[in-house]
Each structure stands twice: as C-alpha cells, then as structure tokens.
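Enquirer: Chain by chain, the residues run as shown.
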Amino acid sequence: MIRILLSVVAAGLLAAAAQSDEIKSGLQAGDKVSPFNPLNVTGSSAGEKRCQV
Amino acid sequence: MVAIFAREITPGLTSLVKAIDKASKDNSDAKLGSFVVVMTDDDKTEKTLEALADKEKIKQTVLCIDSPKGPEKWKLSKDAGITVMLYVKNTVKENFVHTKDIDAKGIEAVVAGLKSILPEAKKDGKDGDK
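If you read the protein sequences in the order shown, they are chains A and B. Heads up: the first sequence begins at -1 in the working numbering, then just goes up one per residue. Heads up: the second sequence begins at 13 in the working numbering, then just goes up one per residue.
For reference, chain A alone in the conformation it holds in the complex (with noise of 0.2 angstroms):
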C-alpha cells in the first residue's frame, strides 16, 4: 500500500516538475538589446553580415 503511495506521489511529483519545464532564454523585460551581425539572407542587406537590431 505504502509503495502505490509513493509511486502516485512519485508521479505526481514527475508531472509537476514536467508542466513547470519553463526555460528561460533570452533578455528579458528591461534589459537593453545588444547589437550583432548575422548573415542576412533576405532583405536591403541580402548576403551581407549587418546588424538588424
């Protein structure tokens, strides 16, 4: 009885932890963006390494 206990317990826990799977990824509100300069493939700058931001 204990051991089916745990195991709901278990997998509740496991399907908490899995709705919570939120990652964070990059700046967030506030924070000041940073200029790069990626390939650009389309656009004024096609073929060209430029800075978008």
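Calculated from the structure, these hints are not laboratory results. Computed from a prediction, not measured in an experiment: that's the story for all the values here. Do not take every clue at face value.
Claimed, not checked - Only pairs whose alpha carbons sit at most 20 angstroms apart, straight line, appear in this in silico EDC-like list of lysine to aspartate or glutamate: (1) B:87 x B:20; (2) A:30 x B:106; (3) B:117 x A:20; (4) B:85 x A:29.
To be verified - Per the computed footprint, the stretches of chain B lying under chain A, defined by three or more beta-carbons under 8 angstroms from a beta-carbon of chain A, are: (5) 58 to 72; (6) 76 to 84; (7) 100 to 113.
As the list claims (entries may be wrong) - Label pairs and their in silico Cβ distance ranges: (8) B:53 x A:48: 15 to 25 angstroms; (9) B:37 x A:44: 26 to 36 angstroms; (10) A:26 x B:63: 14 to 24 angstroms; (11) A:44 x B:54: 10 to 20 angstroms; (12) B:66 x A:48: 31 to 41 angstroms; (13) B:55 x A:28: 30 to 40 angstroms; (14) A:33 x B:40: 32 to 42 angstroms; (15) B:66 x A:22: 31 to 41 angstroms.
Just so it is clear, CB atoms sit at the ideal spot from N, CA and C, and this is done for glycine as well.
Fit chain B to the given chain A structure using the hints.
Expert: Using the frame of chain A, we list chain B on its own:
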C-alpha cells in the same frame, strides 16, 4: 522591433514569421521592424530561407543566419527552440520562449504582445522601431 531566434525552420516558425511580417506591414507607419535569426551551421539554411521568403512572400521581416550559439549577449538558451523578444528604444518589453515549435496559441500571444511596443514605436520618430 520584433526579434525572433530559432534553432530550426519549423511549420510554427513559418506561421510566426508570416504573422509578424503582416504585422510589420500593417504597422509600417509605426516603423515596426522585425527580423528572424536561425542559429545553425547547416549550409542548406540559406537556400531554405530564400525559398521560404519567396514562397510565403515575406517582404518586411529580414531573415538571417547566425552560429548555433547565437549572439552571446542575447543570453539565448540552447534548450529553447524559439525565443521571441519585443523591444522598443533598445529595451526589451516582452519575452516569449518555446522549447520546441510554436503553436497557434503561442503566435497569438506574440501578436497580442505587439501592443506593448506599438504605442511607444508610434511616438518615436525615425528610430521608432529600435
């Protein structure tokens, strides 16, 4: 300004780009700019993006490629499939992260978030989109 960073070109990313491109066109008076950066070292990506822009008629949003690490100062997670940041006057207002692909609900959230930057963009003159 709308900045989209993606690990790969997915159906959701394509839909997002179409929606943002339309929003950029619809809000051209507010100088709403947008760009997409696919972070990859796959040589085929350039041709794929060119084909995507042609097929989907992407005119306003600039499609770009960067290294898999992406720009270091933008603090992009390797676990994020798609990261969207909305900013104005070089300051981020909204951040959206999706671990894999983005769905219709996620795209709606990003489009709704544009309201947070458009009023300021409209007030700002030449550099309103920055």
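Enquirer: Against the earlier hints, flag every one the structure doesn't satisfy and list their numbers going up.
Expert: Per hint list: 9, 10, 12, 14 violated.
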